[in-house]
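> Residues per chain are reported as follows:
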Amino acid sequence: QQPVQSPQAVILREGEDAVINCSSSKALYSVHWYRQKHGEAPVFLMILLKGGEQKGHEKISASFNEKKQQSSLYLTASQLSYSGTYFCGTGRGGVNNDMRFGAGTRLTVKP
Amino acid sequence: DGGITQSPKYLFRKEGQNVTLSCEQNLNHDAMYWYRQDPGQGLRLIYYSQIVNDFQKGDIAEGYSVSREKKESFPLTVTSAQKNPTAFYLCASSTSGDSYNEQFFGPGTRLTVL
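Residue numbers (our numbering), protein chains in the order written: chain A, 1 to 111; chain B, 1 to 114.
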């Protein structure tokens, strides 16, 4: 039931763009995105809800295709601070307890 | 400053011992969660609580126990019945238990069984 993230890892140069994908075999109600630095707590980035509502970070954008049960996170003009592991969490109902997290995508931004 | 604290940061346990991980939040959040994180894997839900004195099992509750006697506290006990407890444990909270609200995570406790 865990969503599948791709790619597993990506290396960028500063200023380059990246897309991280998250797909589920189940119908989705919501998608959450978090970023985790090594050894630290995950930090909230964005929530996308069925119906198009979004809440989140100003400089990061994401899409949610309800039909395809997929979400993508778009990182543009990457900065060194974007490095970390990105997780998507997918919910099938209205409560967080139904959320499942993907295995993560490790993003490395180099100077 | 509001936030979530977890203690200890590192914990070592001998096989056969029970240990309790602390999680405290001063965000006035109703919902609290415990996750386990293993290398190369996502976060797996152990237990969650939406209100005081109530909690539910997640996907991997076997070998763990929790209590929620106060709104701000949600301790996790790793019992000797947990066969492979070495992992990174994360506590989180949210305003309520629905998908509209983001989860705020604590800094984590790294448990190692010797």
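None of these hints come from the bench; they were simulated from the model. No residue lacks a Cβ here, since even glycine has one placed at the ideal position from N, Cα and C. Careful, some of the hints might be misleading.
[Said to hold, decoys possible] In silico lysine to aspartate or glutamate, EDC-like type, Cα no more than 16 Å apart, as pairs:
1. B/83 <-> B/24
2. B/57 <-> A/40
3. B/9 <-> A/98
[Said to hold, decoys possible] Ranges of calculated distance between the beta carbons of each label pair, as one might list FRET restraints:
4. A/26 <-> B/73: 30 to 38 Å
5. B/9 <-> A/63: 30 to 38 Å
6. B/52 <-> A/77: 39 to 47 Å
7. A/8 <-> B/88: 40 to 48 Å
8. A/8 <-> B/59: 17 to 25 Å
> Hints first: check each against the structure and report whether it holds.
Going through the hints against the structure:
Proximity of residue 83 of chain B to residue 24 of chain B is assessed by CA-CA distance (about 26 Å); at most 16 Å being required, the pair is judged violated. Proposed proximity of residue 57 of chain B and residue 40 of chain A is contradicted: the alpha carbons are some 25 Å apart, above 16 Å. For the given pair, residue 9 of chain B sits about 27 Å from residue 98 of chain A by alpha-carbon distance, which is inconsistent with the 16 Å threshold. Here the CB-CB span from residue 26 of chain A to residue 73 of chain B is close to 33 Å, well matched to the stated 30 to 38 Å.
About 37 Å separates the C-beta atoms of residue 9 of chain B and residue 63 of chain A, a value consistent with the hinted range of 30 to 38 Å. In this structure the hint that residue 52 of chain B and residue 77 of chain A lie 39 to 47 Å apart at CB holds, the actual value being about 45 Å. The given range of 40 to 48 Å is broken by residue 8 of chain A and residue 88 of chain B, whose C-beta atoms sit roughly 19 Å from each other. Taken as a hint, the range 17 to 25 Å holds for the pair residue 8 of chain A and residue 59 of chain B, whose Cβ atoms sit roughly 22 Å apart.
The structure does not agree with the numbered hints 1, 2, 3 and 7 stated previously, though it agrees with the rest.
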